[in-house]
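Asks: Here is how the chains run, residue by residue.
Number of protein chains: 4
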Amino acid sequence: MSDPLNHWIVTLVCPDMPGIVHAVTGAIVEAEGNITELQQFSGLETGNFFLRLQTETPADHDRLHHALAPVIERYGMDCRIDRVGRPLRTLVLVSKAAHCLNDLLFRQRSGQLPVEIPLVLGNHPDLGELASFYGVPFEARPVTNGDEKAAMEARILEAVDEHDIELVVLARYMQILSPELCERLAGKAINIHHSFLPGFKGANPYRQAHQRGVKLIGATAHFVTSDLDEGPIIEQNVVRVDHTRSVAELVAIGQDEESRTLSQAVRWFAEDRVLLDGQRTIVFQ
Amino acid sequence: MSDPLNHWIVTLVCPDMPGIVHAVTGAIVEAEGNITELQQFSGLETGNFFLRLQTETPADHDRLHHALAPVIERYGMDCRIDRVGRPLRTLVLVSKAAHCLNDLLFRQRSGQLPVEIPLVLGNHPDLGELASFYGVPFEARPVTNGDEKAAMEARILEAVDEHDIELVVLARYMQILSPELCERLAGKAINIHHSFLPGFKGANPYRQAHQRGVKLIGATAHFVTSDLDEGPIIEQNVVRVDHTRSVAELVAIGQDEESRTLSQAVRWFAEDRVLLDGQRTIVFQ
Amino acid sequence: MSDPLNHWIVTLVCPDMPGIVHAVTGAIVEAEGNITELQQFSGLETGNFFLRLQTETPADHDRLHHALAPVIERYGMDCRIDRVGRPLRTLVLVSKAAHCLNDLLFRQRSGQLPVEIPLVLGNHPDLGELASFYGVPFEARPVTNGDEKAAMEARILEAVDEHDIELVVLARYMQILSPELCERLAGKAINIHHSFLPGFKGANPYRQAHQRGVKLIGATAHFVTSDLDEGPIIEQNVVRVDHTRSVAELVAIGQDEESRTLSQAVRWFAEDRVLLDGQRTIVFQ
Amino acid sequence: MSDPLNHWIVTLVCPDMPGIVHAVTGAIVEAEGNITELQQFSGLETGNFFLRLQTETPADHDRLHHALAPVIERYGMDCRIDRVGRPLRTLVLVSKAAHCLNDLLFRQRSGQLPVEIPLVLGNHPDLGELASFYGVPFEARPVTNGDEKAAMEARILEAVDEHDIELVVLARYMQILSPELCERLAGKAINIHHSFLPGFKGANPYRQAHQRGVKLIGATAHFVTSDLDEGPIIEQNVVRVDHTRSVAELVAIGQDEESRTLSQAVRWFAEDRVLLDGQRTIVFQ
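Line by line, the protein sequences give chains Y, F, B and D. Here our numbering = 1-based position in the first sequence + 34. Here our numbering = 1-based position in the second sequence + 34. Here our numbering = 1-based position in the third sequence + 34. Here our numbering = 1-based position in the fourth sequence + 34.
Keep in mind that the hints are not guaranteed to be accurate.
One copy or any two copies: either way a pair holds, since identical chains are not told apart in the list.
With a straight-line cut-off of 25 Å between C-alpha atoms, the simulated DMTMM-like cross-links for lysine to aspartate or glutamate are [as the list claims (entries may be wrong)]:
no.	residue 1	residue 2
1	K130	E150
2	K222	D276
3	K183	D94
These are calculated hints, taken from the structure and not from any lab test.
Next up, chain Y with everything else stripped away, as it sits in the complex:
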């Protein structure tokens, strides 16, 4: 049975003022839409207003946009209209650790993650076989000096253009991106940090966690910014540990949190649920 209706996601950001919801929903009514999901938030610090709705309507993209256009103009909105379930074009960067890539690919194939992955780029060849099992093209390029790093970053930007990439996922990619690349990918690159943030900064957070005897370890998915590990936080998880765990065991336990935290953040982003409010994220779950 084909569904004659279109299902759209509409996200809107603008300065907060009265009447926005009424105006937006009026446009939806005009486009014969039924609203199936609606969430809003007013950021008190920034004065921004955020709205995400899903609607089912006979209207196509152009008609829906046409109905919304006067509202968008009146309120100075940043507006995005997307089809529910459309797979987001996603580039994945990896090094040697397989757990995050495995989780992303398995969920993508299982239909739990609305992304399509035209390419996985690694600075090591190790994960080629895994990508290949899932039918995803894989390229490895060594990054052992400044020239190779520049070449890799050029390749990343080229791939972004070539495949019209909407999201870059750093799935335990063990290279620091240059400030220029961070700038170019601002708001569309997600990293998984192998620690609860704020927390132990820099190298080997699990060793630091062990030395302090922490009772919970975790992982944080955040937007990539040039300020390392300081980008807006999208999702975090922790798990309980005790004094008997070695550093190696903490690493293994942490990997589970890294996988599920990154996949969760990617899914929310792909469903247009993650919006930026200054240094904070709005996540409309």
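With the hints as your guide, set chains F, B and D onto chain Y.
Replies: Relative to the frame of chain Y, chains F, B and D by itself:
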């Protein structure tokens, strides 16, 4: 600095159809309201639509109701308008166990729980001193036979009328309410069940949990219905246990979950966040 | 640097009485062992005593057993000596759902799960490709009638003998085992139940959970017994859900819990950490 | 029915070497003890060995100590023998926030916390009424300048002597202790930090957490050291939050975690379950 604006909660339930949000927000605009929070849900099984919003507006209750009246009528809405933060008039029923009552009273005094408690009724006198510390009137009535039970239930209903009670909380009240009383209190009585539900039914769930060697124990806050422990679930929590725990330790551990689960459910109810959709609850957190 | 020491796990079960730990550790001293981990538990209901220790020692298996033999005899012990990290020979049964098998195989390859899997048996061919990617033999046999079911069960027992199987894992195997097979595999077959237990019994627990509006859903790993879903519980996990989740979403969310709960239970079993005390499990984490 | 047996907790710390458990349990056998609980741990970094056991025995303290004395001497042990369930003499320091004190006092009265509290000291008078309800002496002393601070610290030390205090609990005590006092109370003072640690340091961690948009907030109970918020961690908990929470709501949510985290740490300490291994804690749960 006094705030010249009124802050209202509006909750609406009606059959789902297109245009509701637009119509409702139009009425809010007419009442010069700014919407600070809005959540909606369409129950696919029941075909019901649920909406809760908070608005700040110069309008008083009558003016706001007047603006909403045509919408209420057009859509056949069940509508409730309440002031944000107004304390809900709450009757608490107890037996001997102090943990839930203590948690409710402490949070109420700390300003975390928007309720006022004109009376605590117990079938044992044990908790009188605790109620008294918090300045809450307490009455104890023994319930050891059918006549005493009928008298207690009559007193409950009398107290509900006398204090214009909006919520009855069974805070580890160890008496089964009669079907008639359940009926009279339908939708405004919350019980805390000393187990995760669905789960071990009937007496001594912790002993059953121990015998089965469960690894998690929990608590469930639910609406009271005449079908024991089968009322709509409002909130649940669990905590991890292991084989070393005795039944007595499981009971102590479970009490923490009971307290916080019940207080959470009461808070959400007092903030008009809990709506009924057949046998399910909608909880607009 | 090779380690000249052997690392052994010793597990002991016997009727509880004073002096056991002293006697056992005396035997370890005699075998020149250093105890690196030791846990014990006395089951009050059954009167059983349980002990698990790890020791590093120059002694080989025979010498260690020789040292323990008088103690084993004196206390009537059920004793097991195993090498730390030895992969457990494991048979996995599957149907169509891939998430549990994928998790087991990925963790096995990553070195997080001390098992070796000589065979995966399915009643559908769907998961053959996944097993093949991990280099694990796969056999599919349809089970659509009584004869085919009997043939499958005969094949399971044959495989158990052929590969000297120590553990059978039902990784979302959607067939009920016959009482005879349950009996034959008693204490060495683990099932993952797609629900928190005790809970909704029988078919489609997620639909039941949805209808009741539960706020937490979960998964339970338990030993297989002929009493369906009533075997001793090894591990349980839950995750929070709310009213917005459809049955299909509950299923997807539940699958994460199923995977990690099953893998955790398998790991503990493979490390000799799971002992039976009547209907309860002792899990020495 | 009186129990003719004594129940003792024995904790031991010494340099790790083979044979310790055998020697210790031999002494327990000599004292006719049955071991009901035993946990051990070898700290690889420090080379220390830790053991905690519970035993039921006809032996009194002197006889048990006599049996253990040769073992203690041979291995150079730090040994502590304590009666199971003996209430620990505990001094509580407070300021204005009531939630932690309320939780400690309620649990103490309910029999969930094996402490006795001869005195609560506050730098504000606000919590006197609460202490009084639980029948606990309360003293308030203003701390608004250096002299008053010195006087308060002198009073703390005096109270420690006067009541033979074994544990000092900083239950949201908003004064920084002098290095001298920290030194004097080393290993027997527990603080609750109103944040997950490592985390936002210094003032107003909730505001910082809000600005960063963290998705989990928490609390950490740790030993007091002169290095502020850097003492060995005893227990940590977190709870999920989202972008809708204001700073004030984060504070309220965090208070629940503070109360239960502090009470948990105090209970473990009072049961002799918390041992120090350099900068880490061993917690024998």
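Asks: For each hint, tell me whether it holds in the structure or not.
Replies: To see whether the hints hold, each was checked on the structure:
Proximity of K130 to E150 under the C-alpha cut-off of 25 Å is found in both arrangements, the shortest distances being 22 Å within a copy and 23 Å between copies. Within a single copy, K222 and D276 get their C-alpha atoms only as close as 36 Å, which misses the 25 Å cut-off; across copies the closest is 21 Å, which meets it. In this assembly of identical chains, K183 and D94 lie within 25 Å of each other by CA distance neither inside one copy nor across copies; the values are 44 Å within and 52 Å between.
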